[in-house]
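Taking the hints as your guide, dock the two standalone chains into a single complex.
Note that the protein sequences, when read in sequence, are chains X and L. Note that the working numbering has the first sequence beginning at 203, numbered continuously upward. Note that the working numbering has the second sequence beginning at 1417, numbered continuously upward.
Warning: the hint list may mix true and false statements.
[Claimed, not checked] Here are the simulated distance ranges between beta carbons:
{"no.": "1", "chain 1": "X", "residue 1": "F327", "chain 2": "L", "residue 2": "A1509", "range": "26 to 34 angstroms"}
{"no.": "2", "chain 1": "L", "residue 1": "D1472", "chain 2": "X", "residue 2": "N478", "range": "52 to 60 angstroms"}
{"no.": "3", "chain 1": "L", "residue 1": "G1519", "chain 2": "X", "residue 2": "W293", "range": "15 to 23 angstroms"}
{"no.": "4", "chain 1": "X", "residue 1": "Y301", "chain 2": "L", "residue 2": "Y1468", "range": "39 to 47 angstroms"}
{"no.": "5", "chain 1": "X", "residue 1": "L451", "chain 2": "L", "residue 2": "E1464", "range": "39 to 47 angstroms"}
{"no.": "6", "chain 1": "L", "residue 1": "Y1468", "chain 2": "X", "residue 2": "F327", "range": "46 to 54 angstroms"}
{"no.": "7", "chain 1": "X", "residue 1": "S412", "chain 2": "L", "residue 2": "A1534", "range": "43 to 51 angstroms"}
{"no.": "8", "chain 1": "L", "residue 1": "E1464", "chain 2": "X", "residue 2": "A426", "range": "20 to 28 angstroms"}
{"no.": "9", "chain 1": "L", "residue 1": "Y1468", "chain 2": "X", "residue 2": "L484", "range": "35 to 43 angstroms"}
[Claimed, not checked] Sample of chain L residues with no beta-carbon within 12 angstroms of chain X, all distances over it, derived:
{"no.": "10", "residue": "Q1444"}
{"no.": "11", "residue": "A1481"}
{"no.": "12", "residue": "Y1487"}
{"no.": "13", "residue": "R1527"}
{"no.": "14", "residue": "A1545"}
{"no.": "15", "residue": "A1555"}
{"no.": "16", "residue": "M1561"}
Hints are computed from structural coordinates only; laboratory data are not their basis. Please read all numbers here as calculations on a predicted model, not as lab measurements. Cβ coordinates follow ideal geometry from the N, Cα and C atoms, glycine included.
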Amino acid sequence: MARRISRWGRRLALGITALLAAALVTPVQAGSRLLGTGGVTQIEGAAGGGLSPWGVLAGTASDTEVAVTVAASEAWLDDYGLRVRGVGVNWHDRVELSYARQRLALDTLGGVLAQDIYGVKLRLFGDPLYHPWGSWSLGVQHKRLDQGQALARAVGAKSTQGNDLYLAGSKLFFDAVAGRNLLANLTLRSTRANQGGLLGFGGDRDSGRSLVAEGSMGLFLTPAWVVGVEYRQKPDNLGFAQEQAWQDLFTALFLTRHLSLTGAWLDLGDIAGLENQRGGYLSLQLAL
Amino acid sequence: MYPILTRGYLAALLLAWALSGCAGAKPQPAPTLYQQLGGEQGIHAIVEDFAYRLADDPELVGFFANTNIDYFVGSLADYLCVVSDGPCVYQGAPMDKAHQHMGIHEADFNRLVDALQATLLAQPISASARNQLLKRLAAQHAAVMRYQ
Ligand code: HEM
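So that you can see chain L by itself, here it is in the shape it has in the complex (with noise of 0.2 angstroms):
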């Protein structure tokens, strides 16, 4: 008797320590796009090296000729910031209102894209967490497109 006594409590033990283990390494919630991109850090990161490419390409730098750069480049850290799921408020206009009438073309946006996406290799970011960004600005086409 003693033994088997024994040998269940230490299996009862095991058990109550195996199940108290599970419970401690609960699943971690997966990073959301804005952790992966490197949070508020990342995100600053990122709109200064984006609005440097801007800034040297000869065809996108003049749709920027009239903008508050300090005001555009916080606005768009917001934006990235609340498109990767961060805890920021955006308080820009719409993405219609806010290119509206600027005469925008495909090829503008293409470059713009391609500017972007060579921002987004130049950071020490996962390919997943670029293309992920990629894909959530990407949709945005229509809207920036919609007023042109």
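Just chain X, with the same shape it has in the complex (with noise of 0.2 angstroms):
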């Protein structure tokens, strides 16, 4: 476990580099949207939390700017290594395309399960800011599990592709504590996947369609810093192990409008039976 963090402590390290270099000399110009109102990459690649796709999209781009992020993200837990690599465009702040990579080692069972996850979210209408119901959005999430499909398959899962169907809604309460602006989030989602997909999708005590719902909270205490709170429900379709719902406590630093440093602390529930899985989480993105 030490090493496996100081090898990723290393590889982080190269990256940030990398990428405070990029970000330092790009010419590109950022988007215009305040500051912290794109989320950062939520897990599956869409804009949002670390847990939940939110109801604005990806960077800060508005209706004449297109905005490209990418994301590295780390989850250590007690019995599992969760990576995340992700990608989303948004055009026009009306469109974002997103693509992400999952690879969960399984630290005590043995072995790796990964996905791909390509979604699409659109604005429908709205702005956190101005609209007094806040930005509204609809997205598709399709995952193929690619690795790990026997195991999805043994475990009692009915397929290991899927498609999430999400509606998200983010609005930004001004003054509402403390002083401090509120952004405040919530998905709805119809979906199948077991652990997120990483478990494939539909089970033997389950095998269609949940709606499930999502929120977050996150108080900007600076224009520049956020900290917050996830939950978000899962279906439980396997008759092998129970799944719980996901949260997690977040914290969120806008370094720059093209740099963002997210840490949370999970509490995934059990994982394929091995109970409590709990840990830390890193999430950097660059936003250009």
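Shown next, in the form of structure tokens:
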């Protein structure tokens, strides 16, 4: 574990140096929306918190601008290690295309699970700052489990690919708590995914779709520093092991328009029979 | 009898004092946003700083190419004063008419809000006053963008 962290630490240091260099020399014009209103990159590649997609689109692009985000995230749980690499494009604050590669190392059980997630998010209407209802978006995530298909089937999954459909809204409340602005997010998702898809889709107990709710709140202590909580409900399709909601406490620092750093404390419940998976999460996002 | 009377008399005095004390400490009315922004001086400083930021922004400055800046600065100060419950009269045009057919995009609007936030961060005012003013101005988005 310690060796893995130090190896990752070295890579992170290298990555940060490279990204910082890129961020400093990039001639690309950053978007103009207020810092932080595009969230960060969630574990499935969409703009959001750590766990949930939000109703806003990636980066800070407005109606005449394009934003590109690249993110590297890592979670260290008791018996698992999750690595995510994601990229998102926001076209005119109307459509977001994203891709994420998730890799879950089964430290205790042995082996690796990995899936690709292709996402599209369409902003239907609104704005988190100016519209009384906030900003609302409709999204699809097409997930394909490509490593660990046999394991998924062995534990009862019905298929190794699936589509999540979600509706997400985000609204910033000015001067809400102690004079600070509060960003509230609500997501409703229709999904068959087991543990987000890493254990396949549908199961012996329930093979159909479930409608689940996800929510988060972030308080901007300063315009560039947010702290908050997230909650994500999940289906419980597999007979062999129970699945619980995911939750976390997070903080994100928007160092510049081009660079943000997110840290979180995760509580992902039981995963594949191994109880109380908790641990730390770090994510770095570069935005152009 | 005597000591009891005295005690009763003392108690009555204390009660009277306490009551008058309470009456004297009339609950202060909460300071208006205008006061929290520093009153006339504070708003003057905000408008001045903001005007420099607009002038320095290559995208925004173009919108003000044909604007009488002295008039604009005075009118904006009156507007902010009224919006923050201050003792002023705003005599300019309503927000939709004031901005009609300028070709303002969301990107321009967001840039302007970002510049205003930077201005407010540079002033000696509380986070609450800053965010309350942003809230009241953000509410004008629909009006400003109505005839673009
Ligand atoms: C909530 C947002 C805004 C508020 C509260 C606001 C407020 C005002 C006020 C009070 C005036 C003076 C109007 C008069 O005296 O008749 C004004 C004028 C002006 N505003 Fe705004 N404004 C906002 C957004 C914008 C944006 C986004 C732009 C452009 C990017 C803009 C560009 C201008 C210009 C160019 C003038 C001067 C018009 C002239 O020359 O007559 N404003 N604004």
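Against the structure, the hints:
1. X/F327 to L/A1509: 26 to 34 angstroms: 28 angstroms, holds
2. L/D1472 to X/N478: 52 to 60 angstroms: Check passed, 54 angstroms falls within 52 to 60 angstroms.
3. L/G1519 to X/W293: 15 to 23 angstroms: For X/W293 against L/G1519, whose Cβ atoms are near 21 angstroms apart, the range 15 to 23 angstroms holds.
4. X/Y301 to L/Y1468: 39 to 47 angstroms: 43 angstroms, holds
5. X/L451 to L/E1464: 39 to 47 angstroms: Holds: the Cβ-Cβ distance is about 42 angstroms, inside 39 to 47 angstroms.
6. L/Y1468 to X/F327: 46 to 54 angstroms: 35 angstroms, violated
7. X/S412 to L/A1534: 43 to 51 angstroms: 45 angstroms, holds
8. L/E1464 to X/A426: 20 to 28 angstroms: Once the Cβ atoms are compared, 25 angstroms apart, the range 20 to 28 angstroms for X/A426 and L/E1464 holds.
9. L/Y1468 to X/L484: 35 to 43 angstroms: 39 angstroms, holds
10. Q1444: 19 angstroms, holds
11. A1481: It holds; L/A1481 is separated from chain X by about 19 angstroms at its closest Cβ, greater than 12 angstroms.
12. Y1487: 27 angstroms, holds
13. R1527: At about 5 angstroms from chain X, L/R1527 fails to clear the 12 angstroms cut-off, so the statement is violated.
14. A1545: 8 angstroms, violated
15. A1555: Since the minimum Cβ distance to chain X is about 8 angstroms, L/A1555 lies within 12 angstroms and the statement is violated.
16. M1561: 8 angstroms, violated
Against the hints set out earlier in the document, violations occur for numbers 6, 13, 14, 15, 16.
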